[in-house]
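Engineer: Here are the chains, one letter per residue:
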Amino acid sequence: MAVIGIVEDNKKIRDLIQRYLDMQDELQCPVAVDSVEEMLDYLEKYDPPDVLLMDIQLPGMSGIKGIGIIKQKYPEIEIIMLTIYHDSHKIFDSLVAGASGYLLKHTSLPEIKESIQTLIEGGAPMSPQIARKVINHFKKPEKKSKVEYDLTPREQDIVNGLVDGLSYKLIADRFDISIDTVRAHIRNIYKKLHVNSKAEVIAKSLRGEI
Amino acid sequence: MLTLVFILSAGDLISQQLPFRSYSIQQGLSESVVHDMYEGSRGYLWIATGYGLNRFDGTEIRSYYQHHGLNNNHVNAITEDEEGRFWIGTASGVNVMERDSIWTPSYLEDLRLYSVTAILKDHLGSWWFGTEGAGVWILDSNNQLTQYTNIHGLSADNIRDITQDHNDVLWFATSNGLTNLDAGNFNTFTTSQGLPDNNLHALAVDNFNNLWIGTDRGLVVREDQEFQTYNTDHGLIHNSVLSIARPENGTAWLGTEEGAAYFDNGNFRNFTTSDGLTSNIIQEIIVDREENIWFGTLGGGANIYLGDYFHNYTEDEGLPNNVVTGFTRDSDGNHWIATFGGGVIRYDGNEVQIFNENNGLVDNRVFTVYSDSEDLLWAGTRSGISIIRDGEVQAPGQLYEGLRLVRAIYEDNETGERWIGTYQDGVYHYDGDRLTVYDDTNHLENNTVMNLQKDSEGRIWMATYGGVVVYDNGEFTRYTIEDGLPSNGIISLFFDHDERLWVSTFNGFARFDTENRIAETFDSRFGLSTTLAYFMFQDHNQHYWIGTNIGLIRFDYERYRQAETVVQQDLSFELVNREQGLVTNEMNAGGVFQDEDLSVWLGTVEGISRFFPERFKHRPVPPRVEFKEIVFAGQTVSPDQRITRRHDRNFLQFELTGITFTAPSRVLFEYRLDGVDEGWTQSHDPTVRYPSLSPGEYSFQVRAYNSSGVRGETISSYDFEIAPPIWLQWWFFLLVGLIIMGGILFIYNYYRVRKMVEIERMRVQIASDLHDDVGASLTELALQTDFLRTGKLDSHVEDTLKNIGEHSRRIVSTLDDIVWSIDARNDTVGDLTDRMQDHANKVLSSKGVTLDFNFSQVNTDRELPVQVKENLYLIFKESINNIAKHSNADKVAIRLSMDGKKYLLNVLDNGSKGTNGRKTGQGLRNIDMRAKRMNAEALIERENGFNVKVTGSLN
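Residue numbers (my numbering), protein chains in the order written: chain A, 1 to 210; chain B, 211 to 1165.
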């Protein structure tokens, strides 16, 4: 059974999602809190959930910063951002910080459940807006020196396909590969986004007590 | 006696990772299957793969494919001639490459039909090409190409390798034996002549003129006409020997199908993926000029092996936790390791046993371990002390209860006194009778005590965050910044072989003369780029090593003292980090232990590196410097070309590359511009700019240091000239004119920009207000209806709830569009096209409609006025929604183009049913209205499906 956690400061939305997910046979949602700080306290004491739903605007630490910290300590947690509006800039920032996907908050509850399951099974969504940002991200001159994190030619092809608005199926056809391979590439692209940001989050937990 | 839990937590440190670095697809290699490698005369490493040829300079890989001129992307072999031309064997013949151009000479056209597997230029200057299935071909000095096959006496037509020995005899390894060409005659050797197998892979000749042969049944050395075989019985990991490198004095490197091996006069040392290789099938090995070993693998790209000086252990190798904070060794030779989160580990050389909260440890977060004179193991943790006696964890006894955050433990062997340093409560002193605490209420300035050391005179030295404190028979002395220490935040202390004190601090490290209170400090001024020093140790060559947050720094104090310039001082520091095989760059305070075998255990945040300082070799080979790019007044120019530019084209930029594979990120460039610079400038930055040069003749000269501080003697240079101006006055007038115009433009822009900033701020404000309040409430509403609908309801209520939900979502989605269109960050054409795509994909893709976007005629970075962006998007949305609702189309073409200020949006579908007019009236009127709002023309046809065309002009 997959364990889900929620960080969301709107109590009503939070409770609704938690109660709904808890009612599902294959999901379990033992923790729903309203700040990253509380989630970090929770993670210290209990087993980490498989998937975290996380709001961007939160009291205290922002969701985007929170992703960085949580991902660094608990890299195995998959994080889905929740956002009210389709703000591609913030969505992209959160992907760079370590999120693996995003959902609009007004997405219906059954669809939220479906997205969580897709993610657990290895899916990786990426819209054209985000793909275009990915390209720009890897084009930035200051990234030039970190050759090892650049996109491979094949990944570049796939991102270009996404920008052109092609579906995963059409991309797969275009390059004569399977849809699963396309998905795997996209997950890899996410990983590279995360790696690029990791260096900035290298604050060591011990630093306070070196 | 062992408890059950105890047995369960025992296990092996399965293996260690060695300093391998890998380069494969992730790093930009064209493919992960390596067929051949070659180190060219200019220093680049060439990597031939199953899909493309690669050139590597240590940091960047450049790939060459068919569209660069290769006959085939499958590249088998590469070698270089005396003129610096490369000869490349592909699956379709041979290519020649000079600089960046690749071609096939007409006299090699016949080979295009064959896969060329081996290339050799013999001592007389003829070229030999081995093929798969078509024998060998020789190209003589008259460019005459001749083929020899099985019929002429070759053992087989599948050629695997070619070499020539010191007596000018040519040797061919084939799939069915060994053939040589000696004085014009072919002679063949097979199992009948003593070979263990006829399927051969590789050949090499050593310094004694012995022939080394890689076969499917081991390594064969032919010495004095005798074949001697070495195989798995002698310790070789696998009998299929695919490659041989650097045979000399009875040693060689071998690649097999199960890993690599180093052969040393009958003995093998094997290397596999468990040592850090990315693949076990080693198709090619070379030794580069820096003595690094390169392994070309099948499926794992190229691996570089730097030497046997680090053995790394992480959670993957059996550690319970990667954050390693301390080590010690007991009298039985067991190693004890403290981890922050995984408890304490005992390692007897084979097995690990873990002591943690499950078998009684007071806290898994351990800061320090100490083995006392009675062989009790003391573990200092966040929650106090635990003692391990004969494999059982015990409480420390009443005396030490209540201690927290224990950072350092020390027992004075002579007096039996004990010292315990804590992070918050000062230091505890047990004199055999009573426990006394020294803290900021009596003798200390700060309660954090990180490290304890005893000197040869029996004094106890403490590293505190309030300076160094010395205890001498009840007397306390303190040394701080006022005595010249770089910081009062002391992390550790170290007495070197001459009993000299070294202090590691938050602000670098220092050598401290306690008698005269003189400190020699080393901090970020010394090209270290860090200030955090966790610990120090000294190796047996009298070099010092400092553990920091950026790696290990080797410090040659003698070289430093003899240095005459700042540069020479800087070169006495050498950074050793992850690039050289360290498990990670960030060390931990206390994470150091010098073992009896001269190795040093290092604790980091990512595991343990066991370091063998005496195996860490000084690297004598300096980097080669190449110009990667020269940009002269905005134009890229060739490094071989001497150029003269006008005086106003005087901006120059050099992009350098220092070719080295040992420590590519530690290349130190040294350059000067003859004619401008007095002396040499040093920099790690490979980009050098000269923004404004006066007229004159120049020569830019550059050389480089490697990580060991060895400088190349060869200077790479680029000569150029900037011509003097013809009319100085004209130039002067222009300058004055520009300044005046610039002034006017500046004032004009200043006011314009200020107003724009205000408007933008307001837009963002409105957007975020909408975002916060209205959107959240509606979202709640929508989710509430979803939730209610999960219960059992009568269908009327169910429908109403469904309607409320859908309606709320529609409003949120409309709000979303409004917020998007007024958000000033989304002002470009690209933002518009992205959003159009997202919307069309969302609405139509699910219906199985194929979308054809054509945005090729627009500049995606161009900014659009808000009302144009908003209205175009809403028209587009309306058009798409119409198609979704009313058309039976299965294809929709969407085109946005711009010509100057004119734009055209066209949405066209191939539906046959068309619309029935009435219902869509509102939608189409909306389109008209929106077009008018931005002074555009909307043309709507609805013969077969829809054709919406909007044309207009920006402003």
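Some hints could be false.
Stated by the list, open to error - Derived lysine-lysine pairs resembling DSS-like cross-links, with alpha carbons at most 30 Å apart:
| hint | chain 1 | residue 1 | chain 2 | residue 2 |
| --- | --- | --- | --- | --- |
| 1 | B | Lys838 | A | Lys169 |
| 2 | A | Lys12 | B | Lys1111 |
| 3 | B | Lys1095 | A | Lys113 |
| 4 | A | Lys113 | B | Lys1012 |
| 5 | A | Lys73 | A | Lys45 |
| 6 | B | Lys838 | A | Lys12 |
| 7 | A | Lys12 | B | Lys1057 |
| 8 | A | Lys90 | B | Lys838 |
| 9 | B | Lys1112 | B | Lys1142 |
| 10 | B | Lys1057 | A | Lys169 |
| 11 | A | Lys192 | B | Lys1111 |
| 12 | B | Lys965 | A | Lys90 |
| 13 | B | Lys1095 | A | Lys169 |
| 14 | A | Lys191 | B | Lys1002 |
| 15 | B | Lys965 | B | Lys1111 |
| 16 | A | Lys192 | B | Lys1012 |
| 17 | A | Lys113 | B | Lys1111 |
| 18 | B | Lys1002 | A | Lys11 |
| 19 | B | Lys1002 | A | Lys113 |
| 20 | A | Lys113 | B | Lys1052 |
| 21 | A | Lys11 | B | Lys1012 |
| 22 | A | Lys169 | B | Lys1101 |
I should point out that these hints are in silico values taken from the structure, not numbers from a laboratory.
Engineer: Each hint: holds or not?
Structural biologist: Right, here's what the structure says about each hint:
Of the pairs offered as hints, the one joining lysine 838 (chain B) and lysine 169 (chain A) is violated, with about 40 Å between alpha carbons and a cut-off of 30 Å exceeded. Note on lysine 12 (chain A) and lysine 1111 (chain B): the hinted pairing is violated, with a Cα-Cα distance of about 49 Å set against a maximum of 30 Å. This hinted pair checks out: lysine 1095 (chain B) and lysine 113 (chain A) have alpha carbons roughly 28 Å apart, not beyond 30 Å. About 18 Å separates the Cα atoms of lysine 113 (chain A) and lysine 1012 (chain B), which keeps this hinted pair within 30 Å; it holds.
The suggested pairing of lysine 73 (chain A) with lysine 45 (chain A) holds, with an alpha-carbon distance near 13 Å, which does not exceed 30 Å. A C-alpha spacing of about 59 Å is found between lysine 838 (chain B) and lysine 12 (chain A), which places the hinted pair above 30 Å, so the restraint is violated. At roughly 34 Å between alpha-carbon atoms, lysine 12 (chain A) and lysine 1057 (chain B) are farther apart than 30 Å, so this suggested pair is violated. Our distance criterion of 30 Å between C-alpha atoms is broken by lysine 90 (chain A) and lysine 838 (chain B), whose separation comes to about 37 Å.
In summary, the hint linking lysine 1112 (chain B) to lysine 1142 (chain B) is supported, as the alpha carbons are separated by about 15 Å, within the 30 Å threshold. Between lysine 1057 (chain B) and lysine 169 (chain A) the CA atoms are separated by roughly 14 Å; this keeps the pair inside 30 Å, and the hint holds. At roughly 39 Å between alpha-carbon atoms, lysine 192 (chain A) and lysine 1111 (chain B) are farther apart than 30 Å, so this suggested pair is violated. Note on lysine 965 (chain B) and lysine 90 (chain A): the hinted pairing holds, with a Cα-Cα distance of about 26 Å set against a maximum of 30 Å.
As the CA atoms of lysine 1095 (chain B) and lysine 169 (chain A) are separated by approximately 24 Å, the hinted pair is consistent with the 30 Å bound. Distance check on the hinted pair: lysine 191 (chain A) and lysine 1002 (chain B) sit about 43 Å apart at the alpha-carbon level, beyond 30 Å; violated. Between lysine 965 (chain B) and lysine 1111 (chain B) the CA atoms are separated by roughly 24 Å; this keeps the pair inside 30 Å, and the hint holds. Of the supplied pair hints, the one linking lysine 192 (chain A) and lysine 1012 (chain B) is violated, its CA atoms being roughly 41 Å apart against a limit of 30 Å.
Straight-line distance between C-alpha atoms of lysine 113 (chain A) and lysine 1111 (chain B) comes to about 47 Å, which puts the hinted pair past the 30 Å bound. As the CA atoms of lysine 1002 (chain B) and lysine 11 (chain A) are separated by approximately 25 Å, the hinted pair is consistent with the 30 Å bound. About 20 Å separates the Cα atoms of lysine 1002 (chain B) and lysine 113 (chain A), which keeps this hinted pair within 30 Å; it holds. Between the alpha carbons of lysine 113 (chain A) and lysine 1052 (chain B) the distance comes to roughly 19 Å, so the proposed pair stays at or under 30 Å and holds.
The straight-line distance between the Cα atoms of lysine 11 (chain A) and lysine 1012 (chain B) is roughly 23 Å, inside the 30 Å bound, and the hint therefore holds. With a CA separation close to 16 Å, the supplied pair lysine 169 (chain A) and lysine 1101 (chain B) stays within the 30 Å bound.
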